[in-house]
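The listed protein sequences correspond, in order, to chains A and B. First residue of the first sequence? That's 34 in our numbering, and the numbers climb one at a time after it. First residue of the second sequence? That's 34 in our numbering, and the numbers climb one at a time after it.
These are computed hints drawn from the structure, not numbers from a lab. Each hint should be verified, as a subset may be incorrect.
Identical chains blur together in the list; that is why a pair holds if it fits in one copy or across any two.
To be verified - With a cut-off of at most 27 Å between alpha-carbon atoms, the simulated DSSO-like pairs for lysine-lysine come out as follows:
(1) Lys146 to Lys450
(2) Lys100 to Lys428
(3) Lys217 to Lys232
(4) Lys232 to Lys219
(5) Lys232 to Lys268
(6) Lys268 to Lys317
(7) Lys36 to Lys298
(8) Lys450 to Lys100
(9) Lys450 to Lys131
2 protein chains.
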Amino acid sequence: MKKATDLRELLRQSAQFVDQTVTVQGWIRNHRKQKNFGFIMFYDGTIAADLQIVYDTETPDFEGIQKITNGSAITVEGVFRTSPGAGQGYELYATAIKVEGTAPEDYPLQPKKHSLEYLRTIGHLRPRARLFQAAFRVRHVAAQAIHTYFRENNFVYVHSPIITANDAEGAGEMFQVTTIPLEKLKGEPDYKRDFFGQKAALTVSGQLEAEIFAMAFKRVYTFGPTFRAENSNTKTHASEFWMIEPEMAFCDLEGLMDVEEDYLKFVVRYVLENAPEELAFLDKYCGGGLIDKLTALVESEVARVDYHDAIDLLINSGVEFENEPTHGGDLAKEHEKYLTDVAFQSPVFVKNWPKEIKAFYMKDNGDGTVAAVDMLVPGAGELTGGSQREDDYNKLKVRMDEVHSTDSLSWYLDLRKYGGCTHAGFGMGFERLLIYLTGIENIRDVLPFPRTPGTCDF
Amino acid sequence: MKKATDLRELLRQSAQFVDQTVTVQGWIRNHRKQKNFGFIMFYDGTIAADLQIVYDTETPDFEGIQKITNGSAITVEGVFRTSPGAGQGYELYATAIKVEGTAPEDYPLQPKKHSLEYLRTIGHLRPRARLFQAAFRVRHVAAQAIHTYFRENNFVYVHSPIITANDAEGAGEMFQVTTIPLEKLKGEPDYKRDFFGQKAALTVSGQLEAEIFAMAFKRVYTFGPTFRAENSNTKTHASEFWMIEPEMAFCDLEGLMDVEEDYLKFVVRYVLENAPEELAFLDKYCGGGLIDKLTALVESEVARVDYHDAIDLLINSGVEFENEPTHGGDLAKEHEKYLTDVAFQSPVFVKNWPKEIKAFYMKDNGDGTVAAVDMLVPGAGELTGGSQREDDYNKLKVRMDEVHSTDSLSWYLDLRKYGGCTHAGFGMGFERLLIYLTGIENIRDVLPFPRTPGTCDF
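Build the full structure now, drawing on both the sequences and the hints.
See below:
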């Protein structure tokens, strides 16, 4: 047989293949048998769309073909032709079907509705389900969008370290990394004799190291795994997830917001353009409105409002919130929703937050606030958090002494001593973006192999 | 002042800026002062090239400018003009210089020759050194090349898990990941009460999980961090490094070699085209020959030879090797070098290796060999290792039972039970590629923050 054609090529450039003989290789999603013919819903994973394969008694080994089970891998040679009845408007009339690998009758991924919970238990098979073929391809396309945006805008990609000895990043509980044989441990562990000669853990953020590189390359970004050991079982928390953390020298809070807005719109536009079949499927899956939501984001302008003004808007809204908005308090989901959906009817940057509820490295505005900014997006809430960084050595040192020892982060202070400058950056959880892009609600279903408390399968 | 122009834009599109007033922002590499004028070697990290800034007594605050130290961050407004004497053929005549951040006289990165060992101790400053600006930008460009190649060839990017409960990947010693408070541990640890309810570790390879996705998307690749807890202090070993692991369904050993060759040439060509300034610097740094070596690779054809024929070539070569070549033994560095530099004078695929010295998942050829292939490249040795995978359920089960328990990898066997097919993949250590691309010899110097036994800084 000839080299196989991808369904992606066949269906996207269908006109040039009509009435041609082609070979495809992939898997059977569903096999429906009639007396003198049969239909195979066929996929090869290169596009979120199935192709209908038709065969009849003229097809060699008709009886053998009728025995092929759902889930089997096959090679099919046939004539690609229009078919008003078929899902894609096309079908393949098979002239030869060869089985590459069978699946037993009890194949766990039969063509019927499975619960997301069940599919999580067969994580080695669920990527074949239509929902996950759409979700994980959007994950791929969004990752490509991110690299493309930063590459085209002269950001340097930095691999921040995964194993770290900094216990002071402060963003969350950490996993310990060790080669001490715990079975033989007697008494206190001697970290001098551990692999790295000191206590080590999995990173919770690459930001501090990204700042090192921003002082050398002007604009950089990280895109890598980060970890939280919180014992939290919610739809939005995972123990292992990917973060994007851009950092820019010679950039202030206003410049940061410009980049954040440009970046998010680019990524959403790229996904709309490069995953149309997947988004169409997901739009249906979540009951409509997904593509409209994403299109509106691309066409929106992101409003900018000071935190204290936003709190005033909430207080004066006349709305009875479950959580009373207060100057000095964080924004609850319902507050974010009011700001994006009612007050501004657009995405909103909320900026200049109370110092007390934000991180030590954010620039002190001198009025009780720091130059931090959260981007709130309709239908998603907070999608990014960023700040201008404190670049004053003495102010940063005082603040660091307040929150923890500066010993392990003296290098971070050094960045303010040796040619420091105005700089800013933000962080975005990749899976939070994917929940927004796919309409899928649970973070476990946008992660290829979710790690959560009690779960570390595959 | 106006928005700053990147040196990348200024120097690459120099013609359009000549005699224009521009603003640049960056850092002082070296400040040389004369009585009535001064020269500043200036960089902003957007390109591996410095710009000479000239000022004189006409420049406002001449005396203040003369006090600006090496390492300081500055904003400069000036006239961009040709200058036959300057490094780039251009210089900037300053009409205003503003200090953004100073550096003390004892700034550790003074413009003189520092040893690589010393620079490793100031890992938060070394990205500013010219060698590391070149090395880490090549790292960035190579990463972009990799994503671009796979995107354009319809591979789906998969984030394989970092934390894993598989103790059976077999590629090396593993780091344990835990939230058990070791200080309070008394007796044997109870892993049922550890974070994931079982013993967990850092992954040594994403291949097995990539196979899951290849059975759903046809062609996939991973590009993420992997870990080895070997207590090995060599120039080529690190405890944390990045791997690229593509996996293809409906692909055999010959198809695999086609992709490997195409992939490597694409990446090398992309770096030649997109990092010319960096490669020119690195070519000088390593005494010449780097760009020639890379160009030759792109223009080469990769030879293909069976392992046993390669061993015969070595035995019959008349060369007295330190390590005697034997049928059944691995290839030593000197053997690889003979094959690429003398026998074939080109890169070489060595394929069909003895089963005994290769991994359990490789396809049994039935003649004592498995369908494994190593790519040997002149000046680098082995750059990739790959194989066609065993797709026969029973053969794989027997092999897995030989080497370890199959309990934790029953899902891996399932892939052969449920619509399995001919498939193949390879792995490439990203830092091994970078050593090849940059001419830098020590893996510690192509990793942003190297983790090795006893070292976990920044």
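Here is what the structure says about each hint:
1. Lys146 to Lys450: between (60 Å within a copy, 22 Å between copies)
2. Lys100 to Lys428: For Lys100 and Lys428, the Cα distance is within 27 Å only across copies (25 Å; inside one copy 75 Å).
3. Lys217 to Lys232: Both ways: Lys217 and Lys232 sit 18 Å apart in one copy and 15 Å across, limit 27 Å.
4. Lys232 to Lys219: Classified as both: same-chain Cα gap 17 Å, cross-chain 19 Å, threshold 27 Å.
5. Lys232 to Lys268: between (31 Å within a copy, 24 Å between copies)
6. Lys268 to Lys317: Intra 21 Å, inter 54 Å, cutoff 27 Å: intra-copy only.
7. Lys36 to Lys298: So Lys36 and Lys298 pass the 27 Å test across copies only (23 Å; inside, 39 Å).
8. Lys450 to Lys100: Result: close only across copies, 17 Å inter versus 74 Å intra.
9. Lys450 to Lys131: between (69 Å within a copy, 17 Å between copies)
Checked against the numbered hints listed earlier, the structure breaks none of them; every hint is satisfied.
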